[in-house]
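Trainee: Chains as they are written, first to last, in the UniProt record's numbering: chain A, 1 to 467; chain B, 1 to 467; chain C, 1 to 467.
Note that these hints are calculated values from the structure, not bench results. Please read all numbers here as calculations on a predicted model, not as lab measurements. Treat the hints loosely; a few may be bogus.
It does not matter which identical chain is used: a pair holds within one copy or between any two.
To be verified - With a cut-off of at most 25 Å between alpha-carbon atoms, the simulated PhoX-like pairs for lysine-lysine come out as follows:
| # | residue 1 | residue 2 |
| --- | --- | --- |
| 1 | K217 | K426 |
| 2 | K52 | K383 |
| 3 | K219 | K123 |
| 4 | K52 | K126 |
| 5 | K378 | K123 |
| 6 | K426 | K123 |
| 7 | K11 | K219 |
| 8 | K383 | K282 |
| 9 | K378 | K426 |
Chain by chain, the residues:
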Amino acid sequence: MERPRHQGMAKNTYMRWRLPLVCLLWEAAMIVLFGVFVRFGAEADAHWEEEKREMNLTSDIENDFYFRYPSFQDVHVMIFVGFGFLMTFLKRYGFGAVGFNFLLAAFGIQWALLMQGWFHSFKDGKILIGVENLINADFCVGSVCIAFGAILGKTSPIQLLVMTLFQVTLFSVNEYILLNLLHVKDAGGSMTIHTFGAYFGLTVTRVLYRPNLEQSKDKQGSVYHSDLFAMIGTLYLWMYWPSFNSAISDHGDAQHRSAINTYCSLAACVLTTMAFSSMLQKKGKLDMVHIQNATLAGGVAVGTSAEMMLTPYGSLIVGSISGIVSTVGYVYFTPFLESRLHIQDTCGIHNLHAMPGLIGGIVGAITAAAATEDVYGKEGFIKAFDFTGVYRTRTPSIQGGFQAAGIVVSLLMAFAGGAIVGGILKLPIWGDAAAENCFEDDVYWEVPEDEESDAYHMHNPDKPASP
Amino acid sequence: MERPRHQGMAKNTYMRWRLPLVCLLWEAAMIVLFGVFVRFGAEADAHWEEEKREMNLTSDIENDFYFRYPSFQDVHVMIFVGFGFLMTFLKRYGFGAVGFNFLLAAFGIQWALLMQGWFHSFKDGKILIGVENLINADFCVGSVCIAFGAILGKTSPIQLLVMTLFQVTLFSVNEYILLNLLHVKDAGGSMTIHTFGAYFGLTVTRVLYRPNLEQSKDKQGSVYHSDLFAMIGTLYLWMYWPSFNSAISDHGDAQHRSAINTYCSLAACVLTTMAFSSMLQKKGKLDMVHIQNATLAGGVAVGTSAEMMLTPYGSLIVGSISGIVSTVGYVYFTPFLESRLHIQDTCGIHNLHAMPGLIGGIVGAITAAAATEDVYGKEGFIKAFDFTGVYRTRTPSIQGGFQAAGIVVSLLMAFAGGAIVGGILKLPIWGDAAAENCFEDDVYWEVPEDEESDAYHMHNPDKPASP
Amino acid sequence: MERPRHQGMAKNTYMRWRLPLVCLLWEAAMIVLFGVFVRFGAEADAHWEEEKREMNLTSDIENDFYFRYPSFQDVHVMIFVGFGFLMTFLKRYGFGAVGFNFLLAAFGIQWALLMQGWFHSFKDGKILIGVENLINADFCVGSVCIAFGAILGKTSPIQLLVMTLFQVTLFSVNEYILLNLLHVKDAGGSMTIHTFGAYFGLTVTRVLYRPNLEQSKDKQGSVYHSDLFAMIGTLYLWMYWPSFNSAISDHGDAQHRSAINTYCSLAACVLTTMAFSSMLQKKGKLDMVHIQNATLAGGVAVGTSAEMMLTPYGSLIVGSISGIVSTVGYVYFTPFLESRLHIQDTCGIHNLHAMPGLIGGIVGAITAAAATEDVYGKEGFIKAFDFTGVYRTRTPSIQGGFQAAGIVVSLLMAFAGGAIVGGILKLPIWGDAAAENCFEDDVYWEVPEDEESDAYHMHNPDKPASP
């Protein structure tokens, strides 16, 4: 068993002082900034009884906690178990997949609470947080988990933390432009989370291009049980995606509708993925890579429109198409991206998030442009698109235009941000591994000796060979 | 390592055109039918604000979404992770277990939304759906997942899709007869889901009897880690079963009571299962097959009665008995069914679903027959059994009789339906594998080479042996 | 592969009659006691319609079920999947970890419903249960799961059941003293669950000290995939901890606040754990033991104070400190406890539950003592600490004193109870394994032959070695 002769060959991957320093300094910064800025919102504050009277609420059940907490927990599972385990498919990178995802997400949600708080929940010098902020912080970190998928196995934990710092910042700016300046609807984040996150990650991995990556080719595959671990991630993402797309929609029908549309889209997506996975393989066998990933494209592709009156059959159509696009992407685009454009995309986020994210943005723009008072009802129409205040004269077609503009802005932010952050990550100070040590947990983790029987064989077979 | 010499020996398992064709045509049909029939129900429609006024609701929290969505997500997890991973216990059929379960359930929920919609949510030519429809679709598919357990490892994905198509149809008819014509209560589906699903699956596997199945005997067992994967399925089914049995009960006390009864029944079931698992084994050791399956019988066995005033101690009794019956079934009945009745039941669904389902139906009938206004309260009595309209004169003992009739109808539908569908599946056009290739993922899946160290040994040890 | 030559060497581990007897007798006792005592509470009883009128509730959504059921399910997952899988890290004790945890928890929740019911829900000779009782039963069992962590791999299932019986009893007494006599706040159980459970378990394992445990040293480690299984447990505990700490808090702001504080504390804890894990290892590599455990200390450490106005930055501070203390504990204290104090702590519960539990108790006392009407609002202040009735004159500083007293009482109960129960478990009648057979599933479980390829090698390599 050729264990890599990593550890300070060409590169210094020694983390002992660098990683602790970054973690501790940044956590200290979080504490200071939270101390200065973050306080409980009215619904989580002990003054709630007074607040309740002021808001004229008769029951504690009207607290936003009860509208959103179950969805929050589902989203939380998606970020930590969903993304974490989805990436355990590599045979020797399970610790890194789950563990680094854990690390970057735990840091990212803190920084996102601040960044998003300054933009959206800032009042009298304080950021007031409640369950909706927690969901949004998880969403923001979701875009980092997506980008992580592109560079999985090729970066040090410090690089991931640096990327998280910058990406969360840029995410918040982009989100502010879309939601507040363009007044765009994007509850499930097709644009803000998936399009932005994926193209950001793809740009970063392009900048970090490693010409000799085939040296670790043998570790880029899966083994039987690592594929099953990855299916845990897949299924939790798939099952809870209705919660993801509905988590921050308006109370009542909008949350309800988002969940139904997403449920339908995802169901359709599974069938077209299976169909194309079999069709595009000579022997007609199904490929776990497709099942693990492309089945989720349906959730991404209704991220913007799920809370609109997309209708169940509309969702089936969108889901069907996105499953096809995503599977085709794995078979044809990913090799092309690597060989021609030098974009090494470990998890294929271009297929699972980038293209379906674009579809999602476009479907959202069309659905918005096609909205009528007849379909939504007079009140429902205004509420669905928040056509109030300065936006009360906006028409559906104009809204559709702004939605489309949101896609373009997200793409530009992703390319520009990814290029800059990629450049920063390229500095030779972050401790990334040499090409032949990529996709190998042993570089940054204490790895136990293999299964006892294997360990036994590791020492033995060579000996009897020379009696 | 003797890899099977499958692939087109006696049988043609080539899926390349057949599987895509079935998936794509059926998904297209779903899109058309959804387009014609399926719309949002009032609580998911953008007209909800008007609806709210009409229904005299003061708050969005009264939307059915908030009563049922958390339970829906739990049920969703049970169908996809619960059933999917429960069946990963086989050493070389993990991809098929999780993947085919994913495929059939994703198709099944779409078809169930239509079938159940026509029977139960049809209004002015449209099927109006909300969160309760999603739960019911998942329930319906649950019965297919159960049947899948009997034929696990012996069928092609196309056969599973064909079975799903028919079984969902028959399920909906049976459910309509029970709930609407017999006016039977069965919120947790002891009869409609478990009894029907299990006897349907057992009949199908009987028709598909394979005399030479011992040729793949070596693959019918588990390995250490596959048993742990299966425990993920077991635990999620066990933990979320209170949500399963309460998901579509009436708002308020009925949902609350169902959850408590199920919690108690399942707890008791674990102890009797452990007791009999140890008692029935010569060396007194526990058998993972029992722990993985029989511990769940308690949830099945209170499926009908959980929302009734079964009482916590009643639940303990039912749970205790069902754990015993189920464990005894694994030790004595399963071998008997196979050798004498030629019923090859891969997962032992006869023990986990069929017998406990019957117990559940009977307990439900008795509990209904024993109901009194004293125990339920005057209003509670009418509400619990919906003794309104044409049923307002029905007495508990008559209700008990109808409940019992529901068991019989479910059995008859299962046997008749299973025989017909089994006959269809026996046609030699669906691409099932030869007996020696059963329980082997390699037939329908791209399977990665084994653990690197294993792969290494596979080639080496033989060589040094002959220096 | 040296399979242990266990089974009745020095010790008789034969379970065939003993385990079934204990399980069945105890389950029978549960049925009788439930029959005599346990009934549905008003919100789960069919008389709910009348109750609703009496309580002046206008909607079913006011049923406590809808306030707490989602949190209950999260807690349920933590107990069965969280604790169960967290302990699967051992290479050959996965069945015992998940299976025995399942067994003891299933028994424990029944006994806890009774014990806690007698103390807290007893009315007119009956224990009236609802969803809050289910949560509390799970909580109580949580303390047993913690203690199980200390003796993991060294005890028979009967010993675990005996320990559960006694520990649940003592837990309930201790909880009654703290909550009812001292009027202490401890919603997340830093004192009642973690401090008590951990020191109880540590005392038990001290009494059961095995001098020759190094005989099974080779089985005390993990393998690659067992570490990934353990991460499932870790992540579910980590993600759902906000539900744990908020599950039984007051409706409204208190639940909301608890969730936010816990979320913040846990996020910070991950960063300091990673920092110290790397810092304390010569090569700077991360250790999965720390990631699996110390990242959770932040949840334990805000267990008492989460529902108070700890504030988000306060939570970050507490989480940061507890991550450091816990990681340092794994590196320095655990070896010390074993070599000097003869405390063999398999899972390191001293680092994950004992020390963070103490921190949690102390932080709770300080936060309570520092409370002011200004911060909480007049009403909020009284509500948060329940300063009503005989307690209406209690001041924050006095409350802080009582909180501190709660820590001391919990410690004393744990030491005294642990010593007695340890003594009972030391009797040579319970069937525990010999030292060389510890941490080995084969003693109490039917274990499948290893991976087929391994099995193949097990028989072969020895042969070719001697040509």
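Trainee: For each hint, tell me whether it holds in the structure or not.
Mentor: Hints and how they fare:
For the homomeric pair K217 and K426, the shortest alpha-carbon distance inside one copy (22 Å) is at most 25 Å, but the shortest distance between copies (44 Å) is not. Taking the closest pair of Cα atoms, K52 and K383 come within 25 Å of each other both inside a single copy (23 Å) and across two copies (14 Å). When the C-alpha separation of K219 and K123 is checked against a cutoff of 25 Å, the pair qualifies neither within a copy, at 51 Å, nor between copies, at 57 Å. Within a single copy, K52 and K126 get their C-alpha atoms as close as 21 Å, which meets the 25 Å cut-off; across copies the closest is 36 Å, which misses it.
In this homomeric assembly, K378 and K123 come within 25 Å of each other (Cα to Cα) only across copies, at 23 Å, whereas the closest approach inside a single copy is 32 Å. In this homomeric assembly, K426 and K123 never come within 25 Å of each other (Cα to Cα): the closest approach is 39 Å inside a single copy and 62 Å across copies. In this assembly of identical chains, K11 and K219 lie within 25 Å of each other by CA distance solely inside one copy; the values are 19 Å within and 35 Å between copies. When the C-alpha separation of K383 and K282 is checked against a cutoff of 25 Å, the pair qualifies neither within a copy, at 51 Å, nor between copies, at 59 Å.
Taking identical chains as interchangeable, the C-alpha atoms of K378 and K426 are never at most 25 Å apart, the minima being 54 Å within one chain and 56 Å between chains.
In summary, the structure is inconsistent with hints 3, 6, 8, 9 from the numbered list given earlier, while agreeing with the others.
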